[in-house]
Amino acid sequence: MTKTTIPVHLDINGQRHTLQLEPRVTLLDALRERLGLTGTKKGCDHGQCGACTVHVDGERVLACLTLAAQAQGRAVTTIEGLAREGELHPVQAAFLEQDAFQCGYCTPGQIMSAVACIREGHAGSDEEIREYMAGNLCRCGAYPHVVAAVRQAALEAAS
Amino acid sequence: MRDFSYLRATTPDAARQAAALPGAMLLAGGTTLIDLAKCGVAEPETLVDITHLKGLDRIEVDERGAAIGALARMGHVADHADIKSRFPAVSEALWQAASAQIRNMATIGGNLMQRTRCPYFRDPSNFSACNKRQPGSGCSAIGGVTRGHAVLGTSEACIAMYPGDLATALVAFDAIVHLRRAPGLGRRFFPAARHHAGQGTRDRTRRDDHRHRDPRLRRRAEFHVSENPRPAVL
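Residue numbers (the working numbering), protein chains in the order written: chain S, 1 to 159; chain F, 1 to 234.
Just so you know, the hints here were simulated from the structure itself, not pulled from any lab data.
Here the structure is a predicted model, which means the values were calculated and not measured.
Treat the hints with care, as some may be off.
Selected chain F positions facing chain S (Cβ under 8 Å, derived; list incomplete) [claimed, not checked]:
(1) M1
(2) D3
(3) F4
(4) G30
(5) K38
(6) G40
(7) H52
(8) E63
(9) I102
(10) N104
(11) M105
Which bits of chain F does chain S cover? Going by a derived footprint, with three or more residues having C-beta under 8 Å, they are [what the hints assert, rightly or not]:
(12) 31–37
(13) 92–101
The C-beta atom is built at its ideal place from N, Cα and C for all residues, glycine as well.
Working from the sequences, and respecting the hints, build out all of it.
Right, dumping it as structure tokens:
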């Protein structure tokens with residue numbers, strides 16, 4: 001059976017890409033398998049773990065439940081697009097300082113989620129951070145340090 | 001996931017017409033549909049992407065009530081200042097559901113149309129019997145691991161639970177669902193409570209389960225693209 005593919009134009013981290021894709025290809029698979037942007041992780045692939053969190057038009061979403069074709073015309077930001085001119089994003093720096101990971105597999109999703117969480121204004125207390133970061137699972141259980149990193153980055157952003 | 005063709009709708013009427021074709025389904029936030037396509041439960045031939053339609057995501061609150069567009073996303077409704085102050089149960093039902101990422105994707109129309117999270121329903125390769133997937137095939141959940149299944153409103157055909165929180169709040173507020181129909185047919189309204197009536201039939205989650213067979217019920221699916229929200233959804 002011949003596969004029907006469609007041209008998909010994607011704006012990833014400010015760069016425009018044109019891919020020829022089967023319509024069923026998710027944004028996650030397009031990023032990882034076609035564009036080599038493997039920072040975005042595939043965890044459960046069913047929208048339950050948050051490892052694939054990216055920003056679409058500035059909002060955090062799950063790349064595993066987004067078709068690449070749906071992202072056409074939207075601005076996509078991945079973990080690779082956070083640092084500016086070799087300088088870590090403040091949330092990335094806070095995760096390093098607070099040792100907010102163990103194996104690191106969930107970390108790109110945690111960081112993308114944290115950046116959005118702070119921007120949304122949902123990082124006002126530890127309780128609020130836990131609630132609004134609940135879409136990102138960490139199998140190593142590094143949650144207390146994740147909360148500390150988000151708290152630190154939120155305080156820095158406010159000052 | 002079986003492949004499908006992808007269509008991006010440019011107007012609500014174009015979406016409605018495309019969705020009426022055999023094997024076609026409307027795609028909004030995708031948090032249910034893409035997931036179920038990966039599970040092999042949904043096997044659409046065509047997905048009609050309605051997320052780029054303009055004007056269907058409005059949230060309007062005035063002294064008469066609130067109107068929420070079918071494409072308004074859960075997170076936006078949850079955070080809307082007037083929804084929070086006037087309809088706190090709606091805001092709370094939304095922000096306490098799912099995750100921030102899902103709430104940024106999932107639409108209100110899709111939320112009302114979401115399918116049950118019954119693990120037997122979601123696993124056709126291991127459990128062929130499911131009256132929701134295949135009416136008359138039986139229920140694998142009955143006699144299986146039933147923790148987390150429904151206690152009220154069950155039947156011998158199905159014990160699946162309604163997966164959402166929003167519908168409960170909408171029913172409490174006597175919300176009205178507005179459907180967009182073909183030109184000339186006018187608008188169609190019905191109470192949210194009717195959409196989710198727990199009648200103990202094959203499918204308690206949605207009453208339009210046989211929409212591919214019954215043209216009268218098929219119209220119900222159209223409220224995916226409903227909504228120029230006027231007379232008050234709440």
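To see whether the hints hold, each was checked on the structure:
1. M1: holds, 5 Å
2. D3: Check passed: Cβ of D3/F comes within 5 Å of chain S, closer than 8 Å.
3. F4: Nearest chain S Cβ about 6 Å off; hint holds.
4. G30: holds, 5 Å
5. K38: holds, 6 Å
6. G40: violated, 12 Å
7. H52: It holds, given that the least Cβ distance between H52/F and chain S is near 7 Å, below 8 Å.
8. E63: With a minimum Cβ separation of about 28 Å from chain S (threshold 8 Å), the hint on E63/F is violated.
9. I102: OK, holds: I102/F within 8 Å of chain S, min 6 Å.
10. N104: holds, 5 Å
11. M105: OK, holds: M105/F within 8 Å of chain S, min 5 Å.
12. 31–37: holds (count 4)
13. 92–101: Satisfied; 4 residues make the cut.
In the structure shown, a violation is registered for the earlier hints numbered 6, 8, in ascending order.
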